[in-house]
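Chemist: Protein chains in written order, with our numbering: chain A, 364 to 847; chain B, 364 to 847; chain C, 364 to 847; chain D, 364 to 847.
It is worth saying that the hints were derived from the structure and are not from the lab. The model shown is predicted, which means the values in this text are computed figures rather than measured ones. Incorrect hints may have been included.
Copies of the same chain look alike in the list, so a pair counts if it works inside one copy or between any two.
Derived DMTMM-like pairs (lysine to aspartate or glutamate); straight-line CA-CA distance at most 25 Å [claimed, not checked]:
hint	residue 1	residue 2
1	778	677
2	778	624
3	778	526
4	498	529
5	688	677
6	688	740
7	778	625
8	369	844
9	569	527
10	369	624
11	369	631
12	778	529
13	773	526
14	573	647
15	773	763
16	573	443
17	573	370
18	573	517
19	569	526
20	369	647
4 protein chains.
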Amino acid sequence: MPLLSKEQYLASLRHLDHRVFIQGRRVESVPENPVSGPGAMAMAETYDQAEHAPDLFTARSHLTGETVNRFAHIQHSPEDILRKVVMLRAMGRRTACCFQRCAGMDALNSVYAITHDMDAQYRSRYHQRFREFLKYIQSRDLVTAACMTDGKGDRSLSPSQQEDPDQYLHVVEETQGGVVVRGAKLHITGGVNSHELLVMPTRALKAEDKAFAIAFAVPAETRGVTFVYGRQPSDTRRLENRRPDVGNFHFGGCEALVVFDDVFVPEERIFMKGEYPFAGRLVELFAANHRTSYGGCKVGVGDVLIGATAAIAEAQGTDQASHFKDKLAEMIHLNETLHGVALASAACGRQTASGSFTVDQLLANVCKLNVTRFPFEIARLAQDIAGGLLVTMPSLQDQEDPEIGGYVRKYMVGKAGVSSDQRMRILRLIENLTLGTGAVSYLTESIHGAGSPQAQKIMILRLADLAGAKSCALSLCSLREPET
Amino acid sequence: MPLLSKEQYLASLRHLDHRVFIQGRRVESVPENPVSGPGAMAMAETYDQAEHAPDLFTARSHLTGETVNRFAHIQHSPEDILRKVVMLRAMGRRTACCFQRCAGMDALNSVYAITHDMDAQYRSRYHQRFREFLKYIQSRDLVTAACMTDGKGDRSLSPSQQEDPDQYLHVVEETQGGVVVRGAKLHITGGVNSHELLVMPTRALKAEDKAFAIAFAVPAETRGVTFVYGRQPSDTRRLENRRPDVGNFHFGGCEALVVFDDVFVPEERIFMKGEYPFAGRLVELFAANHRTSYGGCKVGVGDVLIGATAAIAEAQGTDQASHFKDKLAEMIHLNETLHGVALASAACGRQTASGSFTVDQLLANVCKLNVTRFPFEIARLAQDIAGGLLVTMPSLQDQEDPEIGGYVRKYMVGKAGVSSDQRMRILRLIENLTLGTGAVSYLTESIHGAGSPQAQKIMILRLADLAGAKSCALSLCSLREPET
Amino acid sequence: MPLLSKEQYLASLRHLDHRVFIQGRRVESVPENPVSGPGAMAMAETYDQAEHAPDLFTARSHLTGETVNRFAHIQHSPEDILRKVVMLRAMGRRTACCFQRCAGMDALNSVYAITHDMDAQYRSRYHQRFREFLKYIQSRDLVTAACMTDGKGDRSLSPSQQEDPDQYLHVVEETQGGVVVRGAKLHITGGVNSHELLVMPTRALKAEDKAFAIAFAVPAETRGVTFVYGRQPSDTRRLENRRPDVGNFHFGGCEALVVFDDVFVPEERIFMKGEYPFAGRLVELFAANHRTSYGGCKVGVGDVLIGATAAIAEAQGTDQASHFKDKLAEMIHLNETLHGVALASAACGRQTASGSFTVDQLLANVCKLNVTRFPFEIARLAQDIAGGLLVTMPSLQDQEDPEIGGYVRKYMVGKAGVSSDQRMRILRLIENLTLGTGAVSYLTESIHGAGSPQAQKIMILRLADLAGAKSCALSLCSLREPET
Amino acid sequence: MPLLSKEQYLASLRHLDHRVFIQGRRVESVPENPVSGPGAMAMAETYDQAEHAPDLFTARSHLTGETVNRFAHIQHSPEDILRKVVMLRAMGRRTACCFQRCAGMDALNSVYAITHDMDAQYRSRYHQRFREFLKYIQSRDLVTAACMTDGKGDRSLSPSQQEDPDQYLHVVEETQGGVVVRGAKLHITGGVNSHELLVMPTRALKAEDKAFAIAFAVPAETRGVTFVYGRQPSDTRRLENRRPDVGNFHFGGCEALVVFDDVFVPEERIFMKGEYPFAGRLVELFAANHRTSYGGCKVGVGDVLIGATAAIAEAQGTDQASHFKDKLAEMIHLNETLHGVALASAACGRQTASGSFTVDQLLANVCKLNVTRFPFEIARLAQDIAGGLLVTMPSLQDQEDPEIGGYVRKYMVGKAGVSSDQRMRILRLIENLTLGTGAVSYLTESIHGAGSPQAQKIMILRLADLAGAKSCALSLCSLREPET
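Use the sequences and the hints to build the structure in full.
Modeler: The following block contains the structure:
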């Protein structure tokens with residue numbers, strides 16, 4: 364039985380000897396550290412749910428036939444992808460943050476398919492190698508972090524043209540039984556909560572960029588790997604006594620800068636080395652898989668924000684106002700639109716040459732482009748309904764203060780029966796999601812995660828059947844024969 | 364073999380003896396009349412495609428096992444609904460207008476399920492009766508028009524409270540072997556191109572409105588039935604010599620006011636009579652089925668508009684401008700969003716008690732609410748790219764004029780190699796879709812068909828899982844225990 | 364007293380011997396022709412109002428001190444520009460269409476200022492010449508049409524690079540006492556209702572395009588000038604008996620292709636000839652003046668659409684619904700936003716070297732960019748409130764039909780006391796403005812008139828104080844010293 | 364000479380003996396406290412600028428003829444209001460936050476006019492009393508905080524119906540020479556940086572609410588007055604060593620809950636007592652004046668965000684991308700639209716019975732309703748251009764760390780010549796404005812300050828000339844005679 368319990372996962376994380384720094388201090392235990400703890404707890408929910416909701420959170424491995432966590436599963440049907448999207452929404456609802464395990468899932472699925480394609484072209488043996496790696500991940504129920512985005516230096520220059528070649532991760536030396544790489548990967552979601560790092564190129568490459576066409580996996584503890592934890596708005600509220608103002612008391616997302624300072628990668632963990640024409644294809648496939656995921660997780664976070672907004676309206680006695688209902692319906696409408704297109708990209712999924720399934724790419728890009736917009740409008744509407752107290756109220760801790768606590772408890776009440784504490788907690792959750800640590804993943808990451816809006820627009824133009832549409836138009840105005 | 368050819372259908376329509384009036388004149392033959400002809404031709408394409416694209420346009424009847432036109436099929440799987448949505452998009456692309464046969468299809472599916480439910484509650488025999496009717500339709504490959512919306516008189520009053528009871532269609536007499544009904548149904552899409560009329564109540568009803576709880580089918584030729592053809596913008600361009608300015612040279616939509624002036628309905632064609640609690644359920648089910656359809660047909664029309672826009676940009680030499688590409692990507696993005704949510708509502712369809720399948724209602728409403736908005740933005744972007752000539756250019760006929768034809772041909776050219784005729788035809792198609800006959804279905808009907816936006820907002824609020832969302836929110840701010 | 368009465372103007376128009384063609388037929392009298400008549404009547408309102416509302420519609424000429432129509436006035440204060448904007452809104456409210464006289468007004472103001480600037484640089488005598496022309500216009504109360512946009516041929520090529528040089532109007536011959544020009548001007552608003560044509564270049568020019576740097580005025584009757592009338596949606600409803608379905612019973616806009624086929628221009632009417640560096644400046648100044656105007660006239664048309672929408676909601680009994688109120692408030696809000704920015708660009712106007720005043724250019728462009736968007740949303744909301752009957756109802760004439768009139772009168776009623784005729788007339792007006800002849804000026808022209816959206820975006824970037832904004836930002840994050 | 368220098372102001376604030384609590388601790392000196400200091404410094408800029416930019420920041424008192432700070436000036440012309448709006452934008456650009464002095468300015472102007480109106484009706488002497496107060500404020504150059512919003516308890520109940528009457532501030536006792544009041548005012552902007560508190564009712568009142576119809580001024584140090592400082596996102600970054608991550612190094616906004624616990628108000632400081640019909644009028648007038656202000660200050664903050672966005676695009680080498688230019692133009696366009704409508708409401712200002720001037724109320728509401736929307740879109744676009752690093756990057760302090768500093772400095776660089784420090788500082792400023800302390804005033808306060816969106820919609824419906832618009836519409840479809 365390969366599945367770890369939540370506690371087993373947290374124990375494994377405690378014992379992980381990776382180099383993680385938060386504001387200049389090395390972290391001893393990621394789950395125990397008050398800043399990084401909520402991130403670890405969010406990841407741990409993917410283990411908890413595999414135990415408590417196995418129908419949705421587990422799947423049967425096509426490699427071993429054993430039950431594995433769905434986050435480590437290679438999708439083999441549209442139904443598999445649909446369940447992924449639904450699972451991600453469920454996780455978003457539970458955690459109201461980035462729970463970090465889906466980028467790895469989408470990366471596993473992408474490298475799986477592309478290694479097969481590379482082998483077909485180059486007679487290489489990457490696919491079998493990757494299947495071994497996958498079996499290892501599945502059988503030990505490990506977390507794999509996807510590491511893609513490089514620093515990029517000057518964006519008008521290609522990797523090989525950079526003054527500092529390390530701005531894109533690359534092979535610096537070929538040695539006995541492997542290679543040595545150098546560079547850094549940015550924005551690495553859940554990196555500090557992962558056992559393994561799966562590294563991929565970040566863009567299409569040309570012949571001269573061959574040294575940058577490198578994909579591989581290494582354990583997080585590997586020598587030369589360093590994690591620099593990213594700051595989030597209001598992150599240090601977690602350091603306050605009893606943390607009354609954190610908003611989300613249980614969970615949080617996290618990103619890190621992951622530095623690879625001359626890291627050795629053994630041959631059996633290399634999944635691409637020099638096959639530059641496949642770099643762009645891997646990026647595109649990962650992007651498509653991951654763009655669909657955003658129509659799951661962000662929708663779940665949207666559910667929480669919608670729920671909090673409905674709750675605050677009730678607490679404040681405005682839930683019968685027609686404009687409240689109209690705005691709430693709009694929030695739900697936008698949120699379900701995000702989900703709908705993700706479900707569609709799953710339902711219209713197609714088989715890859717490797718036998719696995721991937722999403723409909725056009726719809727995946729359409730899904731993500733909506734994600735870059737609607738959460739901002741949902742957040743605006745949530746703030747509209749919440750009221751200005753959202754940003755002007757005292758600390759929840761002030762309720763206990765001997766001098767001013769009475770004032771706070773008296774004047775922060777909601778409608779009859781709603782205490783200041785109830786009201787302020789809900790407001791803090793809305794603040795968390797729209798202006799706090801939660802806004803990192805609900806808003807900014809919704810723009811940039813899995814690629815920025817412009818990347819989606821380019822793909823949409825490339826994938827749409829414009830020629831067919833023009834042909835229809837020309838037929839109708841009799842400039843061309845209609846097709847039968 | 365039940366399928367009619369396109370020509371057989373048109374012949375049947377020519378011989379139909381129904382009373383159709385266009386601007387005060389009785390129409391002798393709907394397909395031959397220059398105003399109504401394009402509407403008949405659009406409907407006829409549903410027959411043509413069943414012959415030329417049978418995979419998509421036909422299905423196997425669950426009643427007889429025979430091949431039937433998909434527009435007469437009762438859906439029995441999510442895949443069936445998906446194919447419906449894809450078929451509707453294909454039809455939209457072919458015709459760039461309302462091809463009118465889907466409301467009937469969605470009505471057949473809705474009455475099918477609800478008659479089953481009524482029988483379960485009242486031990487009535489409506490369902491078997493309806494199956495007989497359906498067999499008749501399927502075996503003869505007939506068009507059934509859905510007739511739902513009443514005049515409504517004063518909207519603040521219920522049907523039984525109206526001063527003029529005929530503002531809602533109702534039973535005025537029970538006679539030997541049937542009933543007599545009076546009233547009128549508005550906006551009846553394709554009514555004049557249909558063999559049969561399937562009449563349903565238009566709203567939820569209470570006990571006092573029992574006489575209005577009536578559903579039935581009658582042939583279009585039935586005595587007492589009169590069709591008054593609706594006017595569309597620029598409709599009389601079809602009467603002009605050679606019709607150079609119609610934009611869409613082949614097809615058009617059409618609606619009519621259908622009056623039932625003491626029409627006799629035989630018992631075997633009655634599918635609801637007095638079961639008022641089911642009136643609202645029928646409306647809701649039809650609305651949901653039909654709202655999903657809008658994510659098919661309108662998307663197909665959107666394709667044509669997108670194609671025409673790309674074509675005019677090429678013709679005018681602006682297709683390399685970055686702002687053009689950006690706007691075109693936006694048009695495609697909006698259009699695919701409409702389609703995606705429709706596909707999702709199909710893929711998440713559920714089985715009814717009758718065994719047939721229906722859409723996910725929440726997503727169906729979300730789909731339609733987007734349809735009430737995005738086509739307007741797509742149309743605006745199309746006009747932006749097309750340029751002002753769209754509305755200031757002369758008639759295409761002026762190209763032939765001895766005095767001014769030379770000027771028109773000289774100054775209306777596009778970039779090198781593009782004649783004035785090519786350019787102006789494409790512009791006229793864009794005009795048709797955004798300001799002409801085509802705009803009726805692409806714009807206004809996108810708002811009001813299958814129910815107005817407010818109806819969708821109400822359903823979205825009712826169908827969304829707000830309690831679950833609130834529960835998640837309260838858990839996260841520690842006002843409630845998390846669910847396992 | 365230079366002011367003509369409305370009847371005097373119409374008489375002058377009747378006697379004008381210009382060559383106007385509508386669908387291949389030469390028009391004998393523009394005001395009497397049923398298609399072009401409403402356009403003439405709209406223009407005539409500018410005379411009518413000068414008589415009945417002289418405070419707003421007249422001004423004191425700075426040349427002669429006499430009272431002149433404000434449409435022929437050179438603005439000499441921000442207050443003058445404010446009054447222009449308010450006057451245009453008043454005209455929009457009266458006519459619900461393009462009343463055509465403002466482009467000429469804005470052109471007069473622009474050529475006035477630029478001729479002064481040219482003289483300062485070249486020691487030319489254009490300004491005095493133009494003042495003479497202006498005196499002539501003011502003292503006879505004539506209409507001057509602004510003629511700017513050329514055919515443009517291939518838009519990626521400059522005027523002198525075109526295969527057909529006539530794609531941009533240009534000097535073909537210098538003769539005794541003047542020049543001969545050839546080319547055509549497109550989209551000429553009110554051209555057929557004007558006494559004089561004021562022709563200007565359409566873009567910035569370089570040395571090689573010198574022959575295209577030509578500005579002048581000629582009477583509409585000049586030999587070689589031909590007007591080809593543009594088609595509008597539903598334009599031929601005006602030809603129907605009693606015109607019941609026209610929507611707007613009194614007024615309409617009109618555009619024409621104006622061809623200059625070797626037209627002689629006498630020297631005293633030439634206001635630019637070869638001074639190519641000033642072509643772009645003239646275009647920009649005219650564009651700015653005219654972009655502000657759109658925040659007047661379109662707002663007036665918006666008022667009518669808002670009024671019609673409120674009226675139809677009352678007629679149909681939906682005016683107490685909260686969603687109606689919300690949408691109506693939104694329509695007003697958008698409309699007033701358009702107006703507000705126009706007023707601001709007037710209030711912040713600045714003096715030109717000639718002594719006249721022009722608008723704030725940044726705000727003028729901002730105003731117009733909003734105009735390219737909001738009317739579409741206002742129109743969509745109007746259609747939402749109006750209901751689907753807008754596009755499915757019969758002809759108003761059908762009310763009188765012996766066979767079907769009774770049905771139409773019975774089933775097209777509104778709430779108690781509202782006849783079918785009242786209801787349908789209001790709906791036809793909404794149709795006119797959103798899908799009919801009125802939509803030409805309310806929607807499409809709102810995008811393209813005075814330059815397309817992209818032109819505004821370019822100007823906004825050029826005119827904004829980005830350097831100042833960056834400096835503020837850098838100060839605040841301590842990368843630069845704050846300015847005192 | 365009544366004007367204080369910035370230093371004199373700060374000294375006065377240091378010596379103020381008011382009771383201010385931040386997270387349970389009484390603040391000794393507001394300007395020295397690291398959390399509240401930036402708020403005091405923002406306020407101090409209003410003094411600094413009066414010295415360095417007197418043309419804009421000072422005016423001549425109509426009471427004394429002396430030069431006073433414009434923030435204490437009673438506006439006596441549209442030009443005065445225009446200058447206010449321009450001044451507020453200038454302050455927004457300088458501080459990128461709420462500088463807190465405008466609510467008091469708008470309140471002074473409102474109470475000035477309404478006291479005059481009350482006297483006219485009741486023969487009271489409030490106006491003269493208020494002029495005395497005003498002279499005191501002007502002559503000593505004091506800051507007056509506007510205190511309006513009450514706790515409101517159950518919003519479905521009026522003040523007198525509340526279970527706890529203190530949910531609305533009210534008179535609890537009439538004593539010798541004055542009254543005693545109890546209650547609390549929420550969201551009080553700049554309260555802790557003010558010398559005087561000007562208290563007003565928060566809504567329209569009826570006869571039974573007479574005790575709540577109370578307006579007055581008291582010094583901030585008055586016994587019984589307590590300030591509870593509000594928390595803002597990321598507020599405690601100000602407590603960190605050298606504060607590298609604050610984003611805005613100099614300034615910040617602040618709000619407080621202000622409790623009035625049986626506070627004595629002497630008669631000469633009472634400006635309304637029981638005149639309940641004027642409570643609503645005062646609220647409306649203040650709202651209108653203040654809603655226009657938002658089209659000044661928020662536009663200035665928008666300038667900073669636009670500047671920072673342009674700067675980060677340059678730093679990252681994306682400033683030549685067409686999509687960047689398009690988004691930047693859009694940001695400027697939205698920002699200038701906000702400003703334009705504010706300027707218009709100033710330019711169309713009207714005189715009050717007191718002789719002072721107030722804004723055009725319809726345009727003021729339109730201005731504010733746009734402010735509730737556009738900053739969110741501007742912020743979204745800023746984040747789009749900034750990139751994901753905005754929320755994933757390490758602390759700026761990490762640049763100095765011996766272990767990881769090298770990595771941070773190496774991988775956080777921008778394009779050639781841009782250090783990690785430069786890049787990260789600009790990103791932190793964008794974070795501040797969109798997700799940090801600055802977002803409080805730029806986003807949430809833009810929704811709720813000066814009244815929530817619904818309040819503006821209600822006023823827009825009330826103030827618009829709907830009857831006139833309907834009349835125009837009915838004339839045009841010939842249902843009514845046109846007006847001459």
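Chemist: Run through the hints listed earlier and report the numbers of any the structure violates, in increasing order.
Modeler: As far as the earlier hints go, 4, 10, 11, 16, 17 and 20 are violated by this structure, in ascending order.
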